[in-house]
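As you go down the protein sequences, you meet chains A, B and C in turn. Using my numbering, the first residue of the first sequence is number 1, and each one after it goes up by one. Using my numbering, the first residue of the second sequence is number 1, and each one after it goes up by one. Using my numbering, the first residue of the third sequence is number 1, and each one after it goes up by one.
Note that these hints are calculated values from the structure, not bench results. Note that CB positions come from ideal geometry on N, CA and C, so glycine has one too. Any given hint could turn out to be false.
What the hints assert, rightly or not - Facing chain B, a subset of chain C residues (Cβ under 7 Å, in silico):
1. F13
2. H54
3. D64
As the list claims (entries may be wrong) - To spell it out: a stretch of chain C is covered by chain B in this simulated footprint if at least three of its residues, at any positions, have a beta carbon under 8 Å from a beta carbon of chain B; those stretches are:
4. 23-35
5. 80-88
Next come the chains, spelled out residue by residue.
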Amino acid sequence: MLAALLAAACVLLVALPFLKEPSPASDSLHELDEAERRRLERLEARDRALAALKELEFDHRTGTISDEDYRTLVGPLRREVAAALQALQADAGSPADGTAGEGRPSGGRTS
Amino acid sequence: MSELGRAALLVTLGLSVYALVAGVAAARLGRRRLALSAQNALLAAFVSTAVASAVLLAALLRHDFSFTYVARTTSEALPTAYTISAFWGGQEGSLLLWLLVLTGFGAAAVRLNRSWARDLVVWVVPVFAAVAVFFAFLVVAVASPFATQPAPADGVGMTPSLQNPYMLAHPPLLYLGYVGLTVPFAFALGALLSGRTDERWLVATRRWTLVAWTALGVGQLLGAHWAYVEVGWGGYYAWDPVENAALMPWLAATAFLHSVMIQEKRGMLRIWNVLLVFLAFSLSLFGTFLTRSGVVNSIHAFTQSSIGPWFLAFIAVTVAVSVAVLLRRLPLLRSRARLESPLSREAAFLYNNLLLLALCLAILWGVVYPLLSEAVRGEAVVLGRSYYDFFLRAFGLPLLLLMGIGPLIAWRRASLASLATTFRWPTAFALATGAVLLALGAGSSLPGLVAYTFSAFVAATIVLEFARGTAARKALGATSWPGAFFSLIARNRRRYGGYVVHAAIVLLAVGIAGSSAFDSVGEATLRPGETLEVGRYALTYRSLDERQTANATELRALLSVRRGGRDLGTLEAGKNAYTVEQQVSNEVGIRSDRLTGEDLFVIAEQIDPDGTVTFRVFVKPLVNLIWLAGLVFVLGSLIALWPDAREQRRLAERASSLGLTTSR
Amino acid sequence: MIALSVAAVLAVFLLYTSIAGGGNASVSPSELRGRSDPVQLAGLVVGPVTGDAHGGGLRFRLRDIGEKSGVTVPVRYTGSVPDLFKVGRHIVVDGRLRNGVFVAEPGSMITKCPSKYSPAQKAGTG
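Put together the whole structure using the sequences plus the hints.
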């Protein structure tokens with residue numbers, strides 16, 4: 001009988017999503033579409049470039065990277081950050097630093 | 001009660017199968033509620049496994065010998081703590097523990113990531129479920145902990161050598177490690193299956209991998225300490241297949257932890273990372289298999305059991321499926337970034353990976369060689385210590401050196417001139433240390449001397465990094481030197497936590513080098529009053545004592561110790577004869593020097609009826625650094641693991657700008 | 001490039017193990033007949049156990065694991081004797097056959113921890 005109780009409880013847990021929403025507006029799983037996937041990649045590229053720049057500055061300040069090496073490396077990194085920010089801006093016309101979600105298209109993805 | 005246990009495991013199996021099938025269906029058809037249902041099934045599987053575990057634990061604590069498992073692993077007289085440890089002491093119980101941790105970790109990992117990585121999680125659930133199906137099937141059909149029998153009056157009891165505190169911590173930690181590696185594996189495979197190429201699977205699993213890796217490392221150090229003080233042959237690692245079984249996934253996981261950083265910073269090595277995590281998980285399964293199938297001759301050898309073939313089949317399936325999915329998604333994983341220079345941090349990390357992997361494969365080769373040679377030549381050839389020692393030095397020493405170079409070399413490209421400046425002081429320090437040690441006689445072992453010199457180099461680089469970082473923070477406006485130091489670490493947890501872990505490895509290297517390359521040993525048969533000299537120590541055998549305890553007769557030889565003329569007190573070594581189990585155990589005498597970390601290790605090899613004792617004495621320099629390294633290792637991991645509010649905020653922003661954190 | 005280095009590394013192992021041959025063949029007592037090369041002998045200890053490992057040598061016999069009766073090989077062992085050594089224990093020892101007696105390398109005996117994970121039938125050994 002304890003076993004039966006356990007089994008029943010588990011079945012309940014498993015059926016819960018269907019019981020809570022017997023007839024939902026949409027049952028489709030939110031999948032990132034092309035645009036969002038690209039945006040995610042660009043966000044990651046931006047964060048990566050920013051982090052690399054920050055690390056370079058830190059390494060330079062602590063003396064791990066010499067002035068010369070710093071000068072050689074900082075140019076390309078800054079260009080990379082600029083390019084990443086530009087790509088994001090071109091993307092959904094949202095603010096350059098990607099905060100908040102305004103201006104983002106919202107059609108066809110209600111959860 | 002056993003019916004409840006059996007039923008609970010059956011429920012777990014059913015739920016796992018459901019989670020697998022429903023999970024795959026939900027992922028392919030994009031059905032939200034079905035996906036949620038599959039997630040819930042994983043959680044429910046944990047609950048029912050927990051119920052089964054509770055049943056077993058209760059049976060153990062009540063000494064219910066109608067459970068065959070309980071009768072086989074405990075007895076009435078067994079202290080409670082060890083009765084609890086009997087849960088994982090036997091085959092069936094340990095498999096149940098695997099399943100419990102697996103479903104627990106799976107449910108938690110999925111739950112924590114379900115809102116911001118929904119499209120990824122939907123594929124991760126079936127992968128966890130698949131592994132759970134295998135283990136649930138094992139405990140239901142092949143090795144059930146709930147077999148019953150007519151209850152005997154008393155149980156068989158636990159081997160005395162297992163009755164010590166290590167048994168309480170060593171296996172569970174290893175399990176946390178082995179099972180923990182399932183998390184990055186499931187997310188990696190899930191990411192591939194979902195066709196996602198973003199880094200969310202890495203971010204989601206980073207802490208899980210770190211915890212599993214730390215647990216695996218600490219578990220192994222505990223095992224080594226156990227071998228050192230309890231088994232007492234004078235060593236702590238024997239390159240036994242079962243010891244190697246835990247080392248191999250740990251090495252692969254170490255490689256993974258490093259190369260993941262490259263993917264994070266440069267977006268490179270994606271295919272490599274996926275392969276590494278597959279390897280780590282497969283090795284973890286292989287390790288679990290090795291420790292219980294009796295396939296390879298080992299000091300821990302367990303008899304041939306029916307579990308073996310099932311494990312092998314599962315490992316084969318896992319590898320096949322993983323590689324197939326990887327090949328299918330290969331185009332997606334190719335990255336644009338390239339290695340710009342063989343002299344860069346990326347390159348250093350790559351060399352580190354290659355060396356770690358080479359060592360891992362060397363050990364794997366050594367473990368399977370007897371099986372291969374038996375299949376090919378008809379006789380099993382066992383590779384000895386010299387094989388492993390050779391490759392440990394060949395790959396381990398360069399790795400040690402790289403540990404000092406990697407953190408200080410620039411990303412992308414480092415000029416030779418800058419390298420010369422950066423490494424000037426550490427190199428000078430290392431060479432000076434080497435020269436001093438050579439003068440002190442360390443030239444007796446070249447690998448040992450090299451290890452010491454490289455360790456000095458790495459230690460210098462670590463101190464330099466901390467010093468320079470603190471100075472930079474102070475210049476930025478920190479209030480005091482300690483303040484600067486702590487804020488430096490707090491703001492760069494992963495980096496400085498990593499440095500602390502490197503410091504732990506340096507301690508480990510020095511401890512191993514000292515105790516294996518520069519140790520001394522002496523043996524003599526003494527009558528009371530006679531002295532044995534080993535190294536700078538003089539041990540005089542005073543008397544033989546016999547004591548009776550509840551379950552054993554204890555024989556102890558008393559020795560007085562002197563070093564360089566100074567009296568250092570007394571030491572006892574001897575044997576215990578256990579009455580019920582009819583076994584004798586060695587009880588070694590260890591004197592640890594707090595200042596130098598040196599151990600005086602005494603084994604009473606043979607005690608003759610007339611009171612003559614044959615002693616074997618080791619002097620092991622610096623060996624206690626190994627145990628200290630374990631503590632430092634945990635500290636470093638904790639620092640690296642510590643949640644970072646700023647990082648969390650950034651990830652939350654990223655997710656919300658994609659609309660990924662809406663509820664449900 | 002990575003694939004090449006992995007291949008190179010594997011080649012190194014193969015070379016090492018075939019040339020340096022750091023290993024000894026592992027045989028059971030019944031396979032020992034006629035062999036005079038150094039091997040690793042794995043078997044079950046059969047009494048009586050006599051002698052002194054730190055004196056003239058500990059003497060006992062070994063037989064194949066898993067067989068009720070059959071070939072036994074006399075062994076003479078010197079050096080450290082592990083705790084778990086006793087009649088009925090599964091041990092492994094390096095050495096070679098000389099004049100019908102397996103003379104062991106001093107200190108090479110390894111005993112196997114009694115089965116933790118043995119199937120139910122072996123319950124008696126604990």
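Results for each hint:
1. For C/F13, the interface hint holds, since its Cβ comes within 7 Å of a Cβ in chain B; the closest pair sits about 5 Å apart.
2. Using the Cβ-Cβ criterion of 7 Å, the hint placing C/H54 at the interface with chain B is satisfied: the shortest such distance is roughly 4 Å.
3. The criterion of a C-beta within 7 Å of any C-beta in chain B is not met by C/D64, whose closest approach is roughly 14 Å, and the hint is violated.
4. Requiring three or more residues with a Cβ within less than 8 Å of a Cβ of chain B, the coverage given for the segment 23-35 of chain C holds, as 6 such residues are present.
5. Evaluation of the coverage hint for the segment 80-88 of chain C: fulfilled, as 6 residues show C-beta separations to chain B shorter than 8 Å, against a requirement of three.
Consistency note: the structure conflicts with earlier hint 3 alone.
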